[in-house]
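Given chain A, put chain B in place with the hints provided.
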Amino acid sequence: MVKNTNDMDTTTKRSLVFAVNGRSFELCNVDPSTTLLEFLRYQTPFKSVKLSCGEGGCGACVVLLSRYDSATDKVEDSTVSSCLTLLGSVNGCSITTAEGIGNSKDGFHPIQERFSGFHASQCGFCTPGMCVSFYSALINAEKSNDRPEPCTGFSKLTVSEAEKSIAGNLCRCTGYRPIVDACKSFASDVDMEDLGFNSFWRKGESNEVKLSRLPPYDRKNVTRVFPEFLKKDSTVGANVDSQRCHWRSPVSLEELQNLLQMEDNEGTSMKIVGKSLEDK
Amino acid sequence: MISKAIETLKEENEGEFSQEAKLVFEKIGDHMEKIASRFIRNSGSVGGNLMMAQRKHFPSDIATILLSVDTIVEIMTGQSRLKLTLEEFLGRPPLDSKTVLLSIKIPCWESSRGVSSNAHDKLLFETYRAAPRPLGNALPYLNAAFLAQVSLRESPTGFMLKNCRFAFGAYGTKHAIRVKQVEEFFSGKLLSISVLYEVIKLLETLVIPEDGTSRPAYRSSLAVGFLFEFLSPLIDSTVKVPNGSVNGYNRASLFEDSTQEHDRFSQTKFPTLISSSKQEVGLKNEYHPVGEPTIKTGAILQASGEAIYVDDIPSPKDCLYGAFIYSTEPRARVKGIKLNHGSSPDGVIALITSKDIPGFNLGSKSFFGSEPLYAEELTEGVGQRIAFVVADTQKNADIAANLAVVEYDKENLEPPILSVEEAVERCSFYNVPPPLYPKQVGNLSKGMAEADHLILDAQANEDNCMVVYSSIQCPEYAHNTIAACLGVPGHNVRVKTRRLGGGFGGKAVKSMAVASACAVAAYRLHCPVRVYVNRKFDMIMSGGRHPMKITYSVGFKSNGKITALKLDILLDSGMFVDVSPIMPAHMLGSLRKYDWGALSFDIKLCKTNLPSRGAVRAPGDAQASYISEAVIEHVASYLSMEVDSVRNINLHTHNSLEFFFPTSAGEPSEYTLPSIWERLATTSSFYDRTEMVKEFNRCHKWKKRGISRVPIVYEVSMRSTPGKVSILRDGSIVVEVGGIEMGQGLWTKVKQMTAYGLGLVKCGGAQDLLEKVRVIEADTLRVIQGGLTAGSTTSEASCEAVRLCCNVLVERLIPLKEKLMEKFGSVEWETLILEAYSNSVNLSAIALYLPNFSTMRYINYGVAVSEVEVNLITGETTILRTDIIYDCGQSLNPAIDLGQIEGAYVQGIGFFMLEEYLTNSDGLVITDNTWTYKIPTVDTIPKQFNVEILNSGNHKDPSGEPPLTLAVSVHCATRAAIREARRQVLSWGGGNEAGSTLVQLEVPATMPVVKELCGLDIVQKYLLWTIAKN
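As you go down the protein sequences, you meet chains A and B in turn. The numbering of the first sequence is the working numbering, which starts it at 1 and goes up by one. The numbering of the second sequence is the working numbering, which starts it at 10001 and goes up by one.
So here's chain A without its partners, still in its complex pose:
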């Protein structure tokens, strides 16, 4: 990020392009010090991302960030704290919030239905973040090729992965047990007997009946579409300018060196936002 420089010459484009829950956003003139959380909460209707600690310590603002790699034609999905993610860094990304996983208009996702039915939400402030963390674990497990095909209704995720998926998310109300149960209900190796009190079945019903009572999870329906318009130019980092700050995304060491020199010559102050080059 470069502060207070005048007209920096650059040939790369000057707007940020990304998608939130499938909706496209193209921003010029955005202050690159804006966090993704601020953008989502104040400039979109997606308020499921909650500001709680503002320092990546609680998981209430977690979103799924998807990047397309044109070389491999693969999409990489990972969770990030939106309170620590600068808007300048999401160029070309597709962002999914809890509303994007499922909502009252387009239908809920079984994750949300099971969170509800396992009584895994009390005050609900941490719940969207929990759902996103778990959703990420679920889709990443489904992408793996080296796992056996799970039984119908289950995923490729293991119980242990399901539990660990929410390890960094804080909840003050539930004591976590019901949340863990909701997540475990998707695991290929789950023992239905281990799943706790819920609104789906009564004690003593057979595993088949129990499964049939769960909001159905169908692996075939989880294929996610990466927005086509982002596939075209997602490889180039954005350069963005606002009145106070500029964002530069150098793609080579030379470019970086030039930028760093500019700091010496023009008296600008600069902050390097850690992003390793081989990620590009």
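Just so you know, the hints here were simulated from the structure itself, not pulled from any lab data. Errors might be hidden in some of the hints.
As the list claims (entries may be wrong) - Simulated pairs of lysine-lysine, DSBU-like, Cα-Cα distance not exceeding 30 Å:
#1 A:K271 x B:K10098
#2 A:K105 x B:K10317
#3 A:K74 x B:K10004
Note that this is a predicted model, so its numbers are computed, not measured.
Just chain B now, kept in the frame of chain A:
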């Protein structure tokens, strides 16, 4: 990204690397999985972490583990590039902001590397960290990584180490270090106990935290512990080494013939996360749908994030934002406030102080007194609000408040009162209105005279903890405060509250000031003002639980029966009274859980210049549970009795219960504690497991277990609460209640009660009214006298109010229904309502529930058995299993009550075990963020968690607070484990203070606290004892 690095390190690269190199990579990867949390590892980079370690002395794990494996880094400054060892890199002065870290190279390790090839050499590599949370998301107290080559050729006297690399970090050092003197010490020496002892003595002089680091001795002891853990398997005399090379350094296979395998550190492996749970819930449907486990209202919308909280409401046009400036001086004159210190703050519109308040300077006005919104001339404590910056955005307001400099003047002022002792000296107390001060029980001097033993003047200090978020549990009081503040009539003000993202007491009195501040600013500036109180100030403002100093004398007989207890309790209430006067009654509610014979107490509320304390979930009860058990444990320890039998003999009979609780004891059949106490012993296999714990402790030196069964008694009282039920033309129903939904399921229970209450009209469809009911947000002008949502009984009271409304409506509807029935034979709900509309029947009813004096107070019972395992090297406590039986009386919704019980219990674990509320010398909280304030996470809850809800049917269902105090069982079990550790030290001849088996365990019992009681020098003692023995 760290997560990418982990993936790469753990990749299966067949043939590419040696087995040993792979193992090193894998272990580095495993360790890195404990850094922060997944969503941080997905965006944080390894390089960034190392740069923070280099520049800012960040207590990095990555730096330490990579240091132990000879990592090379490449940096770029200007046009030049430089390759450095990680050690050189870390040791340089902080690099400037233009230096870029280009690459990090971890060499491939194999045992023959750099030395003559020897098939019997084995590479050992282990990494360690001690942190409050096992799965990470917590900075370590210390981390370490050890790499060494061991010659496996059996020699008559032991092994030899070569090429050691021992790295330590994060313990209060500028950067991770290698202890070269220790590494070199091994050269040419055969490993033995005495060599190990010498090494550890040497290590003690090398790993020393810098001044100002918390718990320095604990951190040094971890270094010793980890090195001992790494090396001791190589010294065990019974160990036989298998022939030939072994696959990897794996203690189990390296020492597979070991006969003492049970005493390995890694032996007792249990899952890091919850492995099993059971919930026993009695279901009843005689009052359909009341008593049924209905899903919480709006749960699915919470899961999709569509549920709306206060901060989700869009800002109106031209909205301004505020942030508080608070005092950092406990007692000083405020001479001025400078906003533009250094850089000029953007977007600041106004600075609001006490002079801008049109009415009274009131931050909150409640039962016992008021507190000012802003300090006037003098500050009364740190964290006190001084002013409110208003700016165009929340960010600018926060920045401006942060940069603001307050000028103070302390000349000729009396020094502040910063402790309860000083408060006593200066007679600075708050009054407790006499009706709120509980009565003494029995004749103390008689009880003391009956005693065979007396313990006098034992002391215990209580710390406090707190929880945060926003909005308010008592809109009615906020309403009154705002009106007084603005100097306008009450009807000019309206406070609306929809739902809270958790309350726990933190959004009671303390939240009023936030509302008042906005109101005053909006009034002055003629535009809407909004504030999102950031985490830090919320932590400062909330004040946490009341710290206490307790002095007790207890008299008891040789059989453990206690005959008298005298308590002197000094309670720090801080600078403002808040609801402190309720504390004595709350404390006594839980203190009277045992039959003390006679109970005398003196509880003083000290007025200090420290932050004002709040009523945090189970206020006073949490502390009192701790006090009661500390007394019981003290008696047991004095008499060398099993603690459980001392508890048993001092449980109340119904007679003594009536003596201690004259107005709330209830009928003998309602006293379910003795039966729960017995039942849980059976269902949790308490006695068998007690024996198993003993056996475990006999066999294990470095892990000790403890098990504890603890009863709780919790008195609650009902308060008057309003409700309003209206039926709309289409038959749908709207309900308003005084109680606030804050996650506890109040709305759901109210919905169920409404459906039941109106269902009594018994027309067609009256059984299925649940889906027709909607509870709407609280509005202080629509329903007045809303009161305070607190004390665990608001759901029950709100339900009662709604039931009264329903009764009125049903009474109005019945004549009409009967008329229609006569005419048509049957009538549907919708028809009935339509008909009522055309007949102008009043279909709206409002009622104020008033508790009956004789039944307004009652007692809740529960018992918990908890088993823990304490790691004597790190002081870490793992909760292996918890079993709970809680008498819910008559659960209105067992699913919700189960959630309340489990949730309160885990919050209790936080209070008793984890949440350190540390302050500076002026009392300003310094554990004010998620880096430092550690609440329970999924990896710190019991590994087995079984809860049974008993539906004894005696009363309704307060489940919000009482189960929190059940977590004292974890604390007691930890104490039992520590006692075993101390016995062991005693048996090693360590007969000093750590050898005493009276364990005064603080709250919270964090890792350093536990380790200190087990003995920081436990490893040294063991080694000395072993050397002496041989």
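Results for each hint:
1. A:K271 x B:K10098: 9 Å, holds
2. A:K105 x B:K10317: 28 Å, holds
3. A:K74 x B:K10004: Since the Cα atoms of K74 (chain A) and K10004 (chain B) sit roughly 15 Å apart, the hinted pair holds (cutoff 30 Å).
Of the numbered hints listed earlier, not one is contradicted by the structure.
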